[in-house]
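Using the hints, position chain B against chain U.
Residue-level listing of the chains:
Protein chains: 2
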Amino acid sequence: MLNPVIRQLVENSQRFRTHVCVGLDPDIQKLPYGFDRTVAGVKAFLTEVIRASTGLCIAFKPNISFFEGMGFPGLTMLSELRGICPTDVPWIIDGKRGDIGNTSAMQARFMFDHLGADATTLHPYMGDDSVRPFFEYHDKLNFVLGLTSNSGADTFEKLGMATGGGLWETVIRRCVDWHHEFGNVGLVVGGTQGELGKARAIAGKCPFLIPGVGAQGGAYDQVLPVATGGGHVAVINMSRSILYGTPPGGDFSDGIRAELSKFVNH
Amino acid sequence: MLNPVIRQLVENSQRFRTHVCVGLDPDIQKLPYGFDRTVAGVKAFLTEVIRASTGLCIAFKPNISFFEGMGFPGLTMLSELRGICPTDVPWIIDGKRGDIGNTSAMQARFMFDHLGADATTLHPYMGDDSVRPFFEYHDKLNFVLGLTSNSGADTFEKLGMATGGGLWETVIRRCVDWHHEFGNVGLVVGGTQGELGKARAIAGKCPFLIPGVGAQGGAYDQVLPVATGGGHVAVINMSRSILYGTPPGGDFSDGIRAELSKFVNH
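Protein chains in written order, with our numbering: chain U, 3 to 268; chain B, 3 to 268.
One chain only, chain U, in its complex shape (with noise of 0.2 Å):
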């Protein structure tokens, strides 16, 4: 049986003929103006760029730490914010997680129990034990960090092991035996990476969560086709090109979509 998750991201790209996601990566200092610069103002923008949105993208992506960076007010307008979201577009809380296995427990229970996640982001250093809690969760998908957008990448995740290959590609094999096992596993792997196809290539049929396209440099059109090469499940998420991509001046909702409309196959 398909998770759920999975089913409506791929109805949602049927639906709306895109496969961007708009992450929320609010920084207090880049509110557009007419926002006031405080948490009630970063509240107000984020719920504007949800309605503007909403029709033009197949999931929201926030990630936890630009709303910590506010404190718990933060926190807690995180969790107001999902009952702003429609409840048929994946709410993807990207938290970077993953600790000994009773402490994993406790921390999707956060993130699924608690804050609302339909899915989330994992480290996968730890391993096992430390995955495994979050994939219990089984109506939930959760997203390794396979190979990610950031310069770091080349730190650990591309050397070579000693049965060949990289970091990033042992990891990938390994969510493909858990996608299987509990096929609630997908990955992030950078749309800025040349390694794009290499790791569709190797990654089964776990879908794909794609930073770095948009602000960080990653160009949609020559990601999409091979990121979903085969017929796979990608989510391609653009943030800061969304957000804050409206010019001084113009209607702010109006740019949104007019950016969002850019991906949509007409």
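Rather than coming from a laboratory, the hints here were simulated on the basis of the structure. A portion of the hints provided could be inaccurate.
Because identical chains share one entry, a pair is satisfied inside a single copy or across any pair of copies.
Said to hold, decoys possible - In silico SDA-like pairs for lysine to any residue, Cα to Cα no more than 20 Å straight-line: (1) Lys207 to Tyr246; (2) Lys142 to Leu4; (3) Lys32 to Glu197; (4) Lys160 to Asp223; (5) Lys200 to Thr230; (6) Lys160 to Arg176; (7) Lys32 to Gly103; (8) Lys160 to Arg134; (9) Lys160 to Thr172; (10) Lys160 to Arg175; (11) Lys200 to Pro88; (12) Lys32 to Ala107.
Just chain B, lined up with the frame of chain U:
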């Protein structure tokens, strides 16, 4: 100039003649008799743990996930407990964070500025730009996951690299470079791991944070000389065996003091 948190850990281990750090991993279901099974009950419990442990440990290490597992009231409690912990006992918030650079900066702000951490823990997977924003808080200390105490350490951490050694060794060697540059980079190495001595031999001057002693199976007496070999700084964490070790009917605070006293070098 020695990092002030490292200096405080050294001073405390001399003052109190121990290397034990008390891990604050509150589980509402495990509270001793006499404490309400509510968030307020947990706060009363941890307040007593801190009071009973003061003078018998060199640091406290709350794992943020156990507080998150209680939702926002749990996180609020975590921030309030900082004021109960003496200022000269480092407050290591075990958060296991790490994201792309601009996001890690938000994470560091949450840990250090909002929650009052003196030290934190980091996932190495995403590499250089993911950890630097933490290191740039020069007066704080960061323990990067090297070789963790859990069974999942086998999944990736112990895999062999093309250049020789395990992934965990590569991470440790990189941490030595970072510590040379920033002076505030330590390592998490599990007390359950037979490789502890090897880890100490290659870890230069990086201080160690050692989980896995006590309930997880590592033995303090065996771990201590290996962890401090050559006069290095080691913080040996114990959580469950201290928090929940008092037999039913025994005085809870006395039980904690008696347990911690076992590890004081008289």
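Results for each hint:
Taking the shortest Cα distances, Lys207 and Tyr246 never come within 20 Å of each other, neither inside one copy (34 Å) nor across copies (44 Å). For the homomeric pair Lys142 and Leu4, the shortest alpha-carbon distance inside one copy (11 Å) is at most 20 Å, but the shortest distance between copies (46 Å) is not. Proximity of Lys32 and Glu197 under a CA criterion of 20 Å is satisfied in neither setting, with 32 Å inside one chain copy and 47 Å between copies. Taking identical chains as interchangeable, the C-alpha atoms of Lys160 and Asp223 are never at most 20 Å apart, the minima being 25 Å within one chain and 39 Å between chains.
Proximity of Lys200 and Thr230 under a CA criterion of 20 Å is satisfied intra-copy only: 12 Å inside one chain copy versus 44 Å between copies. For a Cα distance limit of 20 Å, the shortest separation of Lys160 from Arg176 qualifies both inside one copy, at 16 Å, and across copies, at 14 Å. Proximity of Lys32 and Gly103 under a CA criterion of 20 Å is satisfied inter-copy only: 17 Å between copies versus 38 Å inside one chain copy. Proximity of Lys160 and Arg134 under a CA criterion of 20 Å is satisfied inter-copy only: 19 Å between copies versus 25 Å inside one chain copy.
Taking the shortest Cα distances, Lys160 and Thr172 sit within 20 Å of each other both inside one copy (10 Å) and across copies (12 Å). For a Cα distance limit of 20 Å, the shortest separation of Lys160 from Arg175 qualifies both inside one copy, at 14 Å, and across copies, at 16 Å. Proximity of Lys200 to Pro88 under the C-alpha cut-off of 20 Å is found in neither arrangement, the shortest distances being 34 Å within a copy and 53 Å between copies. For a Cα distance limit of 20 Å, the shortest separation of Lys32 from Ala107 across copies, 16 Å, qualifies, whereas the shortest one inside one copy, 35 Å, does not.
Checked against the numbered hints given earlier, this structure breaks hints 1, 3, 4 and 11; the rest are met.
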